[in-house]
Every structure is written in C-alpha cells, then in structure tokens.
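Novice: So the chains spell out like this:
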Amino acid sequence: MFSQIDARSATPLYDQIAARLRIAIAAGELVAGEGLPSVRQLASQLRINPATVAQAYRDLEADGFVEMRQGAGTFVSDVAQEGRQQERRRHAVHLVRKMVAEAGRLRISPEELRAAFTEVLGSRSK
Amino acid sequence: MSDAIITAALQYRVGRSFEISHLDLRVPTGAIYGFLGANGSGKTTTIRLLLGLLRARAGTITLLGQPMPARAPEILARVGYVPEQPHLDGTLTVQELLQFQAAFYPGWDWSLAESLLGQFDLDRHRLFGKQSKGQKAKTMMLLALAQRPELLVLDEPTDGLDPVARRDILSALLEFVAQGDATVFISTHLVHELERICDWIGVMDNGHLLVQEPLLQLKRGVKRLQLSGLPAGATPPAPATLLSREVSAPGMETWTVRAWEPPMTGSIAALGATVLMETDLDLEDGFIALLRAFRIGQTR
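Protein chains in written order, with my numbering: chain D, 74 to 199; chain A, 5 to 304.
Just to be clear, a hint being listed does not mean it is correct.
[What the hints assert, rightly or not] Okay, the calculated bits of chain A under chain D, using three or more residues with CB under 8 angstroms as the criterion:
id, segment
1, 162–175
2, 189–201
3, 219–226
[What the hints assert, rightly or not] Distance ranges between label pairs, derived from CB positions:
id, chain 1, residue 1, chain 2, residue 2, range
4, A, 298, D, 167, 33 to 39 angstroms
5, A, 193, D, 108, 53 to 59 angstroms
6, A, 237, D, 177, 49 to 55 angstroms
7, A, 284, D, 192, 29 to 35 angstroms
8, A, 59, D, 177, 56 to 62 angstroms
9, D, 159, A, 237, 38 to 44 angstroms
10, A, 89, D, 144, 40 to 46 angstroms
11, A, 276, D, 131, 42 to 48 angstroms
12, A, 235, D, 186, 34 to 40 angstroms
13, D, 74, A, 43, 36 to 42 angstroms
14, A, 301, D, 186, 43 to 49 angstroms
15, A, 235, D, 192, 43 to 49 angstroms
16, D, 144, A, 292, 44 to 50 angstroms
I should point out that these hints are in silico values taken from the structure, not numbers from a laboratory. Using N, Cα and C, we set each Cβ at its ideal position, and we do this for glycine too.
All chains should be built: construct the whole structure from the sequences, respecting the hints.
Specialist: Written out as structure tokens, the structure reads:
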C-alpha cells in the first residue's frame, strides 16, 4: 500500500502516509472497523521514525478517518459516503493539478493535454 | 521537553589546528538526530568527546541531565554505543559477549536479546572474530539495544553493509524506538537513510556545526529558484540566505537558498523580479549545497 512513499519528496512523510490511508478508506480498500498496523509495526516495516507514523494517525483521527482506542490500536472509522466521495474528488483534483503542472514545465498546451486525456480515457472505457 | 545531549562551546584540538571549535549541540529527548558530515568532518571526534573517550580543551557536555565526564559511570550505564569499527574481543562467542555485556548494565533485557538473536539470525556459538561484517554489525547493535539505553549513540551503524543487513538493523532500531522514548544520535554520511528516519538534523563540516534544526524545517526551507528581471546584486530577504548563485544572463539567475518561506516570493516581486520556477531539494542536494556554500565562504 505504501510503495509510493518517498522520503526525498518535499511533502512530509506523515502527510504522504495519511493521504495514502485517506484515499484507501475513501476508495473502500480499507473498510470501517478494520485495524491499521500498530505504529511500531508500520514504522519498522517502512523503516521510518515511529513519531512520523504516530503523527499520520493523529492527523487521520482529527479528520475523522480513524479512531485510536487506548491500548487496542487504530481502527478505520465509519466514514459517510459523502465524506468518502469528497475525499476522492479532492484526490482526483490533486492528481490532475500535478499533471497540469508537469505539462506546463514541458510546455505542453492545455489543448494538447485535454486531447491526450480524452484519448487515454476513451481507450480505457472500451 | 528536556534535552538528552547538550554541549556548550565545546573545543577540542590535536596540535595546532582545531578539530572541533565552539560546538553547541542540542539533541531533544526522544529525537532521532542525524549527525551528518563528510568523512573527516569531526563526527567521530564529537562522539568520542560526548562519551568521555576524549577530553575537551574547553566547554561543557551534559548527557541525560548530568555532566560529562564528571558523572561518567552513572551516565554511561544509561547509554548504548555502537562504534564505527568492531571493538569486541574476537575470541569470544556471541553468547559470551552477551553475558559479559549484561553484567555491566542494570537495565539489561535478556528477552529482548533473545528475540534479536532470532530476528538477526545470529548463531550464539559463533566466535565474534569469525562473523561476517554484517553479523558483527548486528551483534554490536544487539548488545547496545539489549541494554535498553535511554540514549543510543551510533557511529556510522550501516556503513559498508549489504542492503539486507542494513534493513534488518534499521528495522530493529525503529522497533526499539517505538517501544519507549529513547533518544538516538546517529552519525552517518548516508544521507538517504537519514531522510527516512530522522526528525532532527545536524550538519558538521571541518569541526563546525553548520546547521541544527528539525528535518522538516530544513527541507521546507531549502529551494532552488529560477529568477528573471532581477536587479544586479539582489539577495534573498532575511532570514533566507543564499547558498549559491548562477547568473545565466543579466537579470536571469538561479539561486539555491536556505530558510526560504513562501511569502518571500512577494518580496522578490517587489524588486520587479519574477520567480519562474521553484524546485524542492531533497536532503542530499540540500546537504551538498550547504557544504559548498560553507567551504567557499571559508576560502574567501
């Protein structure tokens, strides 16, 4: 799940982890009540600072995506359909923004980008 | 939050030139502090000073709230140390080393030692001298962790190891950190490893501490900027500083800056200039830019 985590990125690791879990919950990849790995397990598995994982979990809790139960662990909350949809929309916009910025650097015009988008998506839905 | 390591105006020298001059280190309790520097920058000397293996010419050292070297025995019982070079008796077996070490440390944890033996896949009956490089490094790390130290000092713990041994050692270290609030002081020139695990960074060069701040703050502030329409001799607004400047045409410059903040783009605009592109640097590029700037400044 965390294969895209990149310590060299300017986005802090805790933001990357929280974002990945948020979209997993929004997409139904993780379901309500499911337990997340412990801070210790995930830190050891990703070889990152446990404080980073704890920060990601705290942020997710503040957003209402997970619940931290003292002594029991961290569990996926029951996020309403609307909240999940909003998160997916947010993430989709984020992906497109990144693509648009990259295209801008490469001097690809919005028209070219739109045409490419239609071409790729068109072939996908067939 | 208290600090696990504090040095004030620490000085050390051999012969005429200073090896360490006016070193003010501050390592917050619970931090994983990455002590970065090229070979020969003074990292190992600093560690030896901290642990009382060398005597400072001037300055003070406080470890875990107590003065070094005055209170060395009490302090060192709470400190784990993994030196750069294997330092253990090669004619002892791993089991004998464990028993020897256990006798010195009140907090020694046999169940952790046993579980690490399994996790590291070490043969307890093998002589230390007959172990591979990776096995030696694991044995040393095991000995330091099983002490359950409050402060762990690691000098290049994974340098020259294969990726598998390196991964095993880092995983064990992080698992240990997650269990309590131990402080880890880790010296290395392997920048990418630090970028994953550290929350504080100190950069040493030529006996000077160039930078000491939280990793996120350091990374957030180091940028490469492409600028146009710049008046000659313009510099970034304080507290940002210029690490390097390349002039490609009049008014067209590429800056590498430190302590940059997004609102500063406005100050650039006020000069009549434009930031064409802003690139984030990773820790390694930032580290190299810092060292270059410092070294150029010194030779001037």
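Novice: Hint by hint, which ones does the structure fall short of?
Specialist: 5, 6, 9
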